[in-house]
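Given the coordinates of chain A, work out where chains B and C should sit on it, guided by the hints.
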Amino acid sequence: MTDQSAIRNPQSAIQVAFTLNGSPISAEIDLTDRLLDTLRYRLGLTGTKEGCGEGECGACTVYLDGLPVNSCLVPTYQVRGRRVETVESLPPARLDPLLTHGATQCGACTPGVAMTSCWIIDHPELLATHAVRELLAGNLCRCTGYDGILDGIAAAMQARP
Amino acid sequence: MKLFQPASLAEACEILAGERGVVPMAGGTDLLVHWPARAAEHDKGYLDLSGLSELRGVRWTDGELQLGALATYWDVIADQQAARELPLLVQAARLVGAIQIQARGTWAGNIVNASPAADGVPVLMAYDAVVVLQSARGREEVVLADFYRGYKQLRKTDDQLVAAIRVPRRSYTVQQFHKVGSRRAQAIAKVGLALTRSAAGWRVVAASMAPTIRRCPGLEQLLETGADVREPEALHAAIASDTSPIDDIRSSAEYRRRVMARVLFAALRA
Amino acid sequence: MRRQPPPVYSLIVHRLEGLAKLTGREQYVDDLPLEGFLWGATVRSPAPRGRVTAIRFDPAIDWSQFTVVDHRDIPGPNVIALIESDQPVLAPGYVRHVHEAVLLLAHPDRAVLRRAAAAVRIEVAPEPAVTDFRVVPRPDQIQYGADNVLKHLHISKGDVERALAGAPIVVEGVYETGAQEHVYLEPQGMIATLEGDVLVVRGSMQCPYYILKALRYALGRDETRLRVIQTPTGGGFGGKEEYPSTIALHAALLALKSGKPVKIVYDRGEDMAATTKRHPSLVRHRTGVTPDGRLLAQDIAVVMDGGAYVTLSPVVLSRGIIHAAGPYACDHVRIDGRAMFTNAVPFGAFRGFGAPQTHFANERHMDRIAARLGLDPAELRRRNLLRDEESTATGQVIRDGADRRAVLEQALSLADYDAKRSAHLRFNASSATTRRGIGVATFHHGAGFTGSGEAMLASRLAVAGLADGSIEIRSANIEMGQGTLTVFTALAAERLGIEPSAVRIAAADTARVPNSGPTVASRTAMVVGRLVERACDDLRRRLDLASSTEGDVRTAIRSWYETHPGAELVGEATYEPPPGVVWDDARYRGDAYGTFGWGAYVAEVEVDLRTYETRVIDFVAVQDVGKVLHEVLARGQVQGGVAQAIGWALLEDCRWKDGAMANAQLTNYLIPTSDDLPRIRVAFLETPYAYGAQGAKGLGELPMDGPAPAIVNAVAAATGADPCVIPLTPERLMTIADFGLRNAESKGQGTGS
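Chains as they are written, first to last, in this note's numbering: chain A, 98 to 258; chain B, 5 to 274; chain C, 1085 to 1837.
For reference, chain A alone in the conformation it holds in the complex (with noise of 0.2 Å):
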């Protein structure tokens, strides 16, 4: 057994070493901690927002090694040596078909809703198998009836080379 195998002192926090929107970071945290609550309450990423705490609506959302995760159920021990990216990193400038398209109304499920977005919009292979509905459906929006979203990933795909 490693040193780091066992953390045995329930009070003690633990150091987790990760990569962060693209720089690497060491955090102190609890050991009861979700990812969600590293990075809104001990990094002040409150970009990532907590809609329900139980994986279902999607504004939590942030990559992990590439892939869309719901960091409200994601403990952030697991994230030792791994790479994730939160809102954040998501340059204004890929939003703007976003905005244009009317894809945020009251804006709380929207960084979850720019993330899954903007994978979309990365992988335009997924869509041989997949409709962009189906991919989306982690992310619920109360405000929009999804069109905004949908024209505004449909116009960002098209503006692709």
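Do not take every clue at face value.
Claimed, not checked - Straight-line C-alpha distance at most 16 Å; calculated EDC-like pairs for lysine to aspartate or glutamate: (1) B:6 with A:127; (2) C:1741 with B:23; (3) B:48 with A:127; (4) C:1344 with C:1119.
To be verified - Negatives, chain C to chain B, calculated, CB over 12 Å: (5) 1152; (6) 1177; (7) 1195; (8) 1202; (9) 1247; (10) 1256; (11) 1368; (12) 1506; (13) 1662; (14) 1695; (15) 1731; (16) 1757; (17) 1759.
Just so you know, these hints were derived from the structure itself, not from any lab. Model, not experiment: these values are computed from the prediction. We put the CB at the ideal spot given by N, CA and C, even for glycine.
Below, chains B and C alone, put in the same frame as chain A:
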């Protein structure tokens, strides 16, 4: 909370053998639901499997598909061979939550979570999957159809870890999966039905129809005899003997029984 | 009137705060930096009714580390000030619904606080509770007045009894709608801070001045020592109209007692379980018609479940009954409305505010009349839609120039209604497992407050010129996704002839902005937007500029400051009712609203006969809401409203236990995902309204009214079944279709089932 982050499967098995009540953690998609509000869970010990590369991945051999304990739904969705050869795995995987869950949720986790409404288990069971259990004492294999003894009761001791799932490669003449949820995506099954036919015979597996996912021997026998089923109602007796659906906040026993008969009937006609 | 070219600024202004939202920079209440604060938690009643006999604190916990507040800590009256004074801030030893707040706790560590809140046991000696608003209560269940009726309202026009007696055909029906949870994606949250002697409350809200009023009353503090500031609000839909007063009071009480900032943010489960929902309803119709489909008499009885306190039920009921007879001409109308007390978590404001419930009943009823007469449902509507100079149920003469038949015809044409009807007949004859159908609904929605409500509000708004030549709009109306910031900016820029970048909008902060009224009732763009325009005009007058769009306002503002050192340039406007609007609140007669929006929606559905699942495969929404101020925002409002209404019609099923939601999780209370919806096709006709900003009428709520009946009408057309209840879940449709019941009464909408 106690956390164990083993460096190997062998080490993981030692921890399970030595510590009581340690919970293995793979993708966390079941264990972390409503996590902040479930304080009692914070006092447990957890065995983090995520660093064990030997448990990752989807492997094809001549005779079978092997899913490592960390193989996710997305791993299978992204596997071209799976779509061609064992399409029900891909169909079911696409109906587990959405991408955010598919990227994290594991087939092994779906098996040990033992929900009667699981999506991954019915198709694995219809393909005669075998659960590979590893412990410090050695290796054991249990056919998935025999893995559940009752509601959340597993044929697995506390020191055993699901290390892999083996799915035989066969040629099928019938392969169907139907999930009836309350909405198209991200829904928990109200009725699930996996149906296969191969040289090994018919497999009819029902989800959300009993305390566990289960094969339906009465229906399988009915199909083996080649009986001419002329209306959904002709399936009711076998469904009644094979299943025991309940009323809950998601649906009613009556709905489950009738819809299972209608879905199965339509599937057989197709 | 057909489309007008959109105003120049609405074309160039994208949602102003949109990029901040897309990049995650927008800071909601739980995102605000806050130092040295306590988290607050609420301990709630486990029982629907009874005396609190004990509150037991687990002795294993050191309670001295916690701030603990109960009803004895309330400085003023223990009342959440709203319409009536019946609802306590914290239950004073007696509870009337499950999840009623009894005790408050605060602690710096949220995890420690959660454990502690779970370790307080509230014991209640149970008394007989009412959980089904449809049933006459027993004497031991009476808890409000003599009969548990929270509000009774009546509308009468003509002589219904005589007209019914003389009618050749009378069609009857009973219709039920379920509760609906708002599911704004940002849960409720508030921060209370003492800044010197001023208690500052920040948070997610629709109505800063409602909260100010509630704080003033229960805390016994005058307004100089109170300040309410709205933070960016992640959806409201009515759910953040009245409820935030409660959470603001709770945070304030904890902050006052602890002397520290206190933050309360509900998690999703608490938000769904403890906050308001849409009122469940039961509506009975008895309608006299001629064989060719002319409405002779409408006799309508509306009952709504109000829950355990009055809250907004009287006004929800009011809007419900005023819309209950639909947008049709009929000389003899009687509408009786009751809101009932039950021991359920109080029902409250929700987009549409009672009208979606009564429109569902009326529009479903219209289709059943059409079926009885052998008429095409669209034709029945064509024959009865109001024409100008005809009057509504309250006797309001409609003369707005809008062409309600044109709205209907455009919807039918876009949906390809006639061709689809024939195609479905062929399809249904050939498919073993699928049925298709198309359904229509025509409806209206009164914009702004009901009756004399707007006049009583007397909303005020200011537009200040700033020394740098820019302007600042000061209003209490908030952005919650519907586009207030963008529309106000566009209106002011257009009115003053300045660039949108020169327009700022002040935070909705009661210390800085006048009371321009609540952000509710589809009033913001129409009523308050008009105040923006008039305040801009006033500003222009103060600058001695002509009222034309000529003249460089920005230069004039800068010059004004040079000649008025130390002064502030402020243009003001106060609401003035449109001329000729007369409402008799005692008799419920007259002009219920300044104007109405008109809609015709068409839904096409596919029903899976194996599973009884209904899928909406096409949806067309055509409406005349006056001038459309911003194409993208307006379309988004309609699409989002339709989506929310599709959820209410088919998916969203509140399951009840003891008057509380038993499925208070997003896993078990399902709202539509992108995969559950079709593209929602939207078109506008534009008949400008002279008293709305640039000719706009209210828009936000109208889209909630039409979808449910259009969809259920389509299901009826597809299956031949006669469903009259929503949510029309597959389980309910199975019962109705297979057993031929009118609706699933055995599994109805009572909150105790």
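- Determine whether the non-interface label on residue 1662 (chain C) survives the test: each CB of chain B must be over 12 Å from its CB. Residue 1662 (chain C) clear of chain B: closest Cβ-Cβ about 44 Å, beyond 12 Å.
- Query: For the pair supplied as a hint, residue 1344 (chain C) and residue 1119 (chain C), is the alpha-carbon distance within the 16 Å limit?
  - Reply: Holds, because 10 Å separates the two Cα atoms, which is no more than 16 Å.
- Please settle this one: residue 1695 (chain C) was flagged as non-interface, so is its CB more than 12 Å from every CB on chain B? 5 Å, violated
- Are all C-beta atoms of chain B more than 12 Å from that of residue 1195 (chain C)? At about 7 Å from chain B, residue 1195 (chain C) fails to clear the 12 Å cut-off, so the statement is violated.
- Cβ separation check - residue 1368 (chain C) to all of chain B, threshold 12 Å: 27 Å, holds
- Beyond 12 Å from chain B, beta-carbon-wise, is residue 1177 (chain C)? 28 Å, holds
- Query: Taking the closest pair, is the beta carbon of residue 1759 (chain C) still more than 12 Å from chain B?
  - Reply: 4 Å, violated
- Task: Against chain B, does residue 1506 (chain C) hold up as non-interface, every C-beta pair farther apart than 12 Å?
- Result: 26 Å, holds
- Classify the label on residue 1731 (chain C) as holds or violated, using whether its beta-carbon is more than 12 Å from each beta-carbon of chain B. About 9 Å separates residue 1731 (chain C) from the closest Cβ of chain B, which leaves it inside 12 Å; violated.
- Are all beta-carbon distances from residue 1757 (chain C) to chain B longer than 12 Å? Incorrect as stated: the minimum Cβ-Cβ distance to chain B is 5 Å, not above 12 Å.
- 12 Å Cβ clearance of residue 1202 (chain C) from chain B: With a cut-off of 12 Å, residue 1202 (chain C) comes too close to chain B, as the shortest Cβ separation is near 7 Å.
- Item | residue 1256 (chain C) remote from chain B - nearest C-beta pair above 12 Å | 29 Å, holds
Hint violations for this structure: numbers 2, 7, 8, 14, 15, 16 and 17, all remaining hints satisfied.
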